[in-house]
Amino acid sequence: MNPRFLGILAFSLLASAPAGRADDKLALLIPHLYGPTGLVVDSEARLPDGSTHSAHFNSAFQAEFTQFNVAIASQLTGLPIPTPASGFTYTLDPSLGLFTRSTKSFGPILSDRADTVGRHKLSLGVHYQRFTFDKIEGVDLGEVPAVFTHDNPALGGRDDVVTTANAIDASVGQFTTYLNFGVTSWLDAAVAVPLVSTDLTVRSTATVQRIGTSANPLIHFFRDANGAVGNVRSFESTGSSSGLGDVILRLKARVANAGPLAIGLGVDSRTPTGDEMDLLGAGAWGVKPFLVVSSTSRTFSPHATVGYEWNGESALAGDPVAGTKAKLPDQITYSGGVAVAVTGNLTLAADVIGRRIIDGRRLVPKTFTSIDGRTTFPDISFVVTSENEISGAVGFKFNPRGRLLIDANLLFSLNDHGLRDTLTPLVGLEYGF
Amino acid sequence: MGQRFRYGRTIVALGLALVTANPAPIGAAIFDDASAITLPSGNLSTEATSIRKVLEAYVRAVEAKDVQMFRAVKPNLSEEEEKRARMAFKSVQSQVVKMNVLVLDVKDGKATVKVSRRDTINGSIVSSFPQTFQLAKETAGWMIQDIGR
Numbered sequence: 001m002n003p004r005f006l007g008i009l010a011f012s013l014l015a016s017a018p019a020g021r022a023d024d025k026l027a028l029l030i031p032h033l034y035g036p037t038g039l040v041v042d043s044e045a046r047l048p049d050g051s052t053h054s055a056h057f058n059s060a061f062q063a064e065f066t067q068f069n070v071a072i073a074s075q076l077t078g079l080p081i082p083t084p085a086s087g088f089t090y091t092l093d094p095s096l097g098l099f100t101r102s103t104k105s106f107g108p109i110l111s112d113r114a115d116t117v118g119r120h121k122l123s124l125g126v127h128y129q130r131f132t133f134d135k136i137e138g139v140d141l142g143e144v145p146a147v148f149t150h151d152n153p154a155l156g157g158r159d160d161v162v163t164t165a166n167a168i169d170a171s172v173g174q175f176t177t178y179l180n181f182g183v184t185s186w187l188d189a190a191v192a193v194p195l196v197s198t199d200l201t202v203r204s205t206a207t208v209q210r211i212g213t214s215a216n217p218l219i220h221f222f223r224d225a226n227g228a229v230g231n232v233r234s235f236e237s238t239g240s241s242s243g244l245g246d247v248i249l250r251l252k253a254r255v256a257n258a259g260p261l262a263i264g265l266g267v268d269s270r271t272p273t274g275d276e277m278d279l280l281g282a283g284a285w286g287v288k289p290f291l292v293v294s295s296t297s298r299t300f301s302p303h304a305t306v307g308y309e310w311n312g313e314s315a316l317a318g319d320p321v322a323g324t325k326a327k328l329p330d331q332i333t334y335s336g337g338v339a340v341a342v343t344g345n346l347t348l349a350a351d352v353i354g355r356r357i358i359d360g361r362r363l364v365p366k367t368f369t370s371i372d373g374r375t376t377f378p379d380i381s382f383v384v385t386s387e388n389e390i391s392g393a394v395g396f397k398f399n400p401r402g403r404l405l406i407d408a409n410l411l412f413s414l415n416d417h418g419l420r421d422t423l424t425p426l427v428g429l430e431y432g433f
Numbered sequence: 001m002g003q004r005f006r007y008g009r010t011i012v013a014l015g016l017a018l019v020t021a022n023p024a025p026i027g028a029a030i031f032d033d034a035s036a037i038t039l040p041s042g043n044l045s046t047e048a049t050s051i052r053k054v055l056e057a058y059v060r061a062v063e064a065k066d067v068q069m070f071r072a073v074k075p076n077l078s079e080e081e082e083k084r085a086r087m088a089f090k091s092v093q094s095q096v097v098k099m100n101v102l103v104l105d106v107k108d109g110k111a112t113v114k115v116s117r118r119d120t121i122n123g124s125i126v127s128s129f130p131q132t133f134q135l136a137k138e139t140a141g142w143m144i145q146d147i148g149r
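Chains A and B are the protein sequences, given in the same order.
The first sequence begins at 1 in the numbering used here and counts up one residue at a time.
The second sequence begins at 1 in the numbering used here and counts up one residue at a time.
None of these hints come from the bench; they were simulated from the model.
Backbone N, C-alpha and C fix where the C-beta goes; we use that ideal spot for every residue, glycine too.
Keep in mind that a hint or two might mislead.
Claimed, not checked - Ranges of calculated distance between the beta carbons of each label pair, as one might list FRET restraints: (1) F300(A) with T46(B): 34 to 42 Å; (2) E80(B) with W310(A): 18 to 26 Å; (3) V255(A) with N76(B): 34 to 42 Å; (4) Q145(B) with G259(A): 25 to 33 Å; (5) E80(B) with G173(A): 46 to 54 Å; (6) D146(B) with T184(A): 23 to 31 Å.
Said to hold, decoys possible - Dumping the calculated DMTMM-like pairs for lysine to aspartate or glutamate here, alpha-carbon to alpha-carbon at most 20 Å: (7) K98(B) with D134(A); (8) K90(B) with D169(A); (9) K98(B) with D108(B); (10) K98(B) with E79(B); (11) K65(B) with D93(A); (12) K114(B) with D146(B); (13) K114(B) with D24(A).
All chains, please: the whole structure from these sequences, using the hints.
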């Protein structure tokens, strides 16, 4: 494949990305699902002063479900840079003066190895992966229950609750172009430029549960389109955005070799170039130093990485409605796996990729018990805790000709923590110049 | 008794011969006639010419990825080395070798050639490194005995 073609393709895709709209920000979609004043049911009850009872109901779903935004942002920040065209590494056999491929393996796909690309060598890669999220903390995104309680709940009319059944369709497509340059034989500088498209739809079916007002349905009700008194109303909000995500700058050095073992040190700097309010980026700087250990045997190349990511403040972790910022959780990232050269043209890669999000806000399923002590409904709440999100990845790199590599990978969940996609496909091309 | 001819740092400073062996002109001279190298006359010229031909052959073998040609200039190639050479040739699609001769010592039928080498692998991957060739004059002529850094 013509390298110039690859460059033009990547540039065209970058240039053609539509910008996100200024209004209708995705980060506000859930907080504004029930309107700017929140979930308010209809009422014909009269207060002592003669005014109409304004029955406002609250829930962690609306008040705290910004955690969902953080979870999406976390996914965007947690996406590893695919290993840049490291497949073609050569070492000198000094006693013959000949170069030979240091490994037949083309290396991992979503993990990394200590090898660098080589002095003054350039590699270009494009990868596309699409997440269609299925679960959050093990809760099916198609059935997220949330109970809204009355303002100042108390026995009687204020004992009523509104139960909601919520379905969230969330998908993120990420097209990443990256360039990797060998500054020296042991030091690489790389930049990864992601284009992100995010689609989010939230549907909520709210049902008035008249625990304390069963005798008078006019105190809390939903009026239907015909003006009749009912107890169910559906809400839906949808939006999409696309544009530049968070650009990542990387320096990676191969610092030591001991036999087949190589040790690398690197640092990723994530710049907040993606609009966090449109869920295109994290909205915060991030710095992640990391250590890579890998072996460069001929066919079987194991590798492992560990890193720590410091994150700055983002509106997503704070209050996107008020625009106040809070610190995005730091995380420890780790991965380990093996790349196996099946033939000189085909490498299979398998990895376990994990991260421990430190003091992150997490959804917890719970059972809501009404003030009457008898009525229960499924509900959610949020706690601050540290958990490991672990995924598996299997894929291959195929070398059809020259220094072109075709990559394909499947990422899958190995546990239920975090916002998860059961199966995430990735396809890509790499070319070394 | 052999003579010792040393082209050391001085020659480097003069911008020593850029030794070019491109696959296209297979017979291109390793010791470029237009280079700054001043070859002494007499025996040295003869020896230098012979050594040059050996290194030319070595470069041709590398660029042609030909083990037999490689063995012809380095006849003491062991089985294990030959296996490594085959593997190396197989893993490289193309290779262009350039040598910059730094030192040439000839003494008692032995020669040491120190070069700075620059290889282009597969059209773009460039590596520069020093290399030392130990040669011995045998019945059939000069042969490479050892290659090192």
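Okay, the hints, checked on the actual structure:
Look at F300(A) against T46(B): about 52 Å separates their beta carbons, and that is not inside 34 to 42 Å. In this structure the hint that E80(B) and W310(A) lie 18 to 26 Å apart at CB is violated, the actual value being about 50 Å. At about 37 Å, the beta-carbon gap between V255(A) and N76(B) stays in the expected band of 34 to 42 Å. Hint check: Q145(B) to G259(A), Cβ distance near 28 Å, so the stated range 25 to 33 Å holds.
The hinted window of 46 to 54 Å between E80(B) and G173(A) holds, with their beta carbons roughly 51 Å apart. The hinted range of 23 to 31 Å is satisfied by D146(B) and T184(A), whose Cβ atoms lie roughly 29 Å apart. The straight-line distance between the Cα atoms of K98(B) and D134(A) is roughly 58 Å, outside the 20 Å bound, and the hint therefore fails. Distance check on the hinted pair: K90(B) and D169(A) sit about 51 Å apart at the alpha-carbon level, beyond 20 Å; violated.
A C-alpha spacing of about 28 Å is found between K98(B) and D108(B), which places the hinted pair above 20 Å, so the restraint is violated. Pair hint K98(B) plus E79(B) does not hold up; C-alpha atoms about 27 Å apart against a cutoff of 20 Å. Using a Cα cut-off of 20 Å, the hinted pair K65(B) and D93(A) holds, with the two alpha carbons roughly 15 Å apart. Distance hint between K114(B) and D146(B) is fulfilled; the C-alpha atoms sit about 12 Å from each other, no more than 20 Å.
Restraint check: the Cα-Cα separation between K114(B) and D24(A) comes to about 70 Å, which exceeds 20 Å; the hinted pair is violated.
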